[in-house]
Amino acid sequence: MAEMTFIQALRAALSEEMRRDPQVFVMGEDVRAGTFAVTTGLVDEFGPERVRNTPISEAGFTGLAVGAAMIGYRPYVELTIASFCYVAMDMIVNQAAKNRFLFGGQAKVPAVFRFVEFSRSYAAAQHTDRPHSLFMAIPGLKIIAPTTPRDAKGLLKTAIRDDDPAVMFDDSTFWTRRGEVPEGDYTIPIGRASIAREGRDVTLVAIFTLYPALAAAEELEKEGVSVEVIDPLTLVPLDTETILASVAKTGRLVVSDMAHRTCSAASEVAALVAERGFRSLRAPIRRVCTPDVHIPYSPPLERQIYPDKDKLVAAVRDVLSA
Amino acid sequence: MAVEVQAERATYVEMLRRMLAIRTFEQKAEELLNRGEILGSMHSSIGQEAVCVGGCMAVRPDDYMTGHHRSHGHPIAKGADLKRLMAELLGRVTGVCHGKGGSMHLADFSVGSLGEAAIVGSSLPIAAGAGLAIKLSGSGKVCLAFFGDGASNTGIFHEALNLASIWKLPVVFLCENNQYAITTSIKISSAVQQIAHRASAYAMPGQVVDGQDVLAVHAAVRAAADRARAGEGPTLVEAMTYRYGEHSTRLRLPLYRSAEEVEAWKQRDPIVLFRGWIVERGLATADELAHLEDAVKADVEAAVEFAHQSPYPDLDSLWDDMYADPSPWRERPIG
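Just so you know, the sequences run in chain order A and B.
The first sequence lines up with residues 1 to 322 when you count with this note's numbering.
The second sequence lines up with residues 1 to 335 when you count with this note's numbering.
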């Protein structure tokens with residue numbers, strides 16, 4: 001075990017995979033310098049051919065990654081700010097996600113596309129999108145959503161080795177989080193949720209909201225309320241069994257998500273439980289999401305709109321009193 | 001000397017055979033579409049055969065190729081099996097894409113055909129990505145990227161050509177300039193009238209060739225491929241050509257091209273021109289070419305027969321190739 005930050009864990013995963021497999025390469029804007037630190041220094045070990053700085057051509061280099069992946073390479077593509085995803089969308093949706101199917105299995109697209117969700121970055125509405133749930137509606141992609149350094153390393157390594165295109169989202173507020181990370185060849189399977197905290201009374205499924213969820217659970221414990229916190233870690237395929245088993249035990253569901261409420265990942269979890277776990281429910285399901293408004297610049301205003309500990313505590317109390 | 005002449009002769013006859021195969025395949029496909037056997041959208045390459053064949057035969061069988069929605073000519077020219085192409089058009093499980101892709105997404109990786117794409121311009125970065133993989137692996141291959149005059153107005157054209165140029169990727173960008181994006185003439189849609197002029201913006205050579213002359217296309221693409229293999233980067237070749245039919249086979253649009261213009265292009269039919277050239281040079285007799293034509297017709301009929309005898313994909317195959325391991329999804333009920 002080594003203690004490291006979320007960013008260091010991603011860098012460890014990347015350099016280990018690049019050492020292990022010469023087909024892995026990194027591409028994106030300013031990746032040699034590493035604007036957001038993950039890829040900093042990789043060029044020294046792996047050289048400029050495998051750590052490729054691109055022009056500002058998100059659609060172009062995303063498409064190049066798909067083409068290279070189709071004939072055997074495993075590109076890791078840094079797309080940085082998730083609000084930029086829309087300019088690369090055609091390549092991700094119409095090429096990366098579809099080519100295996102469209103061509104009857106002749107193509108595989110083992111690429112990883114990383115997007116960062118910049119909540120609380122005070123950058124206003126064109127830098128702060130949290131679009132992970134849009135991508136959940138695109139069959140053919142796998143979507144990973146690590147929240148801790150350990151999960152970041154384990155899931156990124158698995159995604160790089162996976163033969164399907166994967167989109168990785170993380171929130172910039174996780175980057176300085178420190179945690180114990182297993183050294184060496186440590187992987188986490190795609191499609192398995194983590195029970196971050198066991199509990200009896202309420203299931204709290206936390207999508208990109210693990211830290212406020214754990215804080216809420218701790219506060220509620222003082223009131224004698226036992227909250228089970230589930231971190232899905234993978235949004236596609238979603239670990240439905242772990243969620244359903246937890247709701248079967250607790251009978252109550254709060255689901256929180258940094259996405260806008262409408263068609264959020266939380267909506268999908270709520271629909272899953274309404275459809276397949278209805279008989280376990282002793283109270284209506286509650287979603288705690290970002291409201292359907294754009295992210296405002298004014299820092300005190302922005303800070304109030306996301307799911308936070310207080311909103312989660314209130315939602316848990318709600319479902320307990322229903 | 002005699003051996004060389006024989007080899008050249010065989011190459012020329014094969015070029016003509018592939019051009020005939022495209023035309024005959026397209027005519028048969030249109031017949032099947034009009035009979036209601038082929039559904040959906042389909043775009044005929046009739047009139048543009050020399051670009052498809054001149055381009056594909058100028059690269060090696062194991063070189064890569066990407067295409068677009070006018071999609072049948074490219075894989076035929078690259079050497080794909082007509083049976084499996086026709087089966088794909090008819091939605092059969094024996095099709096090149098097992099009935100999942102249809103006309104606009106033909107692909108046959110066994111002959112380097114990495115797929116046709118139905119979003120205009122979108123295959124250009126895929127081709128550049130194949131070029132990047134070639135460069136990283138040092139395999140010495142090239143990728144031939146077909147696109148149309150319409151695609152050259154997309155933003156992705158700019159991104160792909162710029163990236164290919166700055167990284168000196170082994171790609172030949174081959175523009176089939178048929179001068180119309182559906183009904184919109186290049187005269188009112190493009191700031192420059194020759195797409196090859198855009199090459200200078202990417203510091204790559206740009207060359208205009210007669211797209212009805214298969215040998216002219218072949219020579220230009222061969223030179224560009226040699227240059228790419230030598231590590232000198234991409235080239236833009238623009239072949240001036242014409243589609244005889246509508247944008248898509250099903251469309252019946254009000255007239256947007258004059259009868260004189262269409263007729264003038266048909267007067268320079270690529271197959272008639274090349275057949276005449278072969279006979280004139282004594283490389284084959286008219287009789288031999290008539291046999292060749294009959295053989296192509298028989299191949300296309302055999303392809304239709306093969307397709308007709310093949311089953312449609314069953315519902316169980318729906319999830320195949322959604323993911324490397326689609327089992328977590330397959331277990332969910334449909335609906």
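It is worth saying that the hints were derived from the structure and are not from the lab.
Possibly wrong hints are sitting among the right ones.
Stated by the list, open to error - Keeping only pairs whose Cα atoms sit at most 20 Å apart, straight-line, the calculated EDC-like set for lysine to aspartate or glutamate is:
1) 222(A) with 198(A)
2) 168(B) with 318(A)
3) 249(A) with 310(A)
4) 168(B) with 29(A)
5) 108(A) with 320(B)
Results for each hint:
1. The straight-line distance between the Cα atoms of residue 222(A) and residue 198(A) is roughly 15 Å, inside the 20 Å bound, and the hint therefore holds.
2. A C-alpha spacing of about 62 Å is found between residue 168(B) and residue 318(A), which places the hinted pair above 20 Å, so the restraint is violated.
3. Only pairs whose Cα atoms come within 20 Å are accepted, and residue 249(A) paired with residue 310(A) is rejected, the gap being roughly 24 Å.
4. Among the hinted pairs, residue 168(B) with residue 29(A) is consistent with the structure: their alpha-carbon atoms are about 18 Å apart, no more than 20 Å.
5. Of the supplied pair hints, the one linking residue 108(A) and residue 320(B) holds, its CA atoms being roughly 13 Å apart against a limit of 20 Å.
Violated hints for the displayed structure, listed by number in ascending order: 2, 3.
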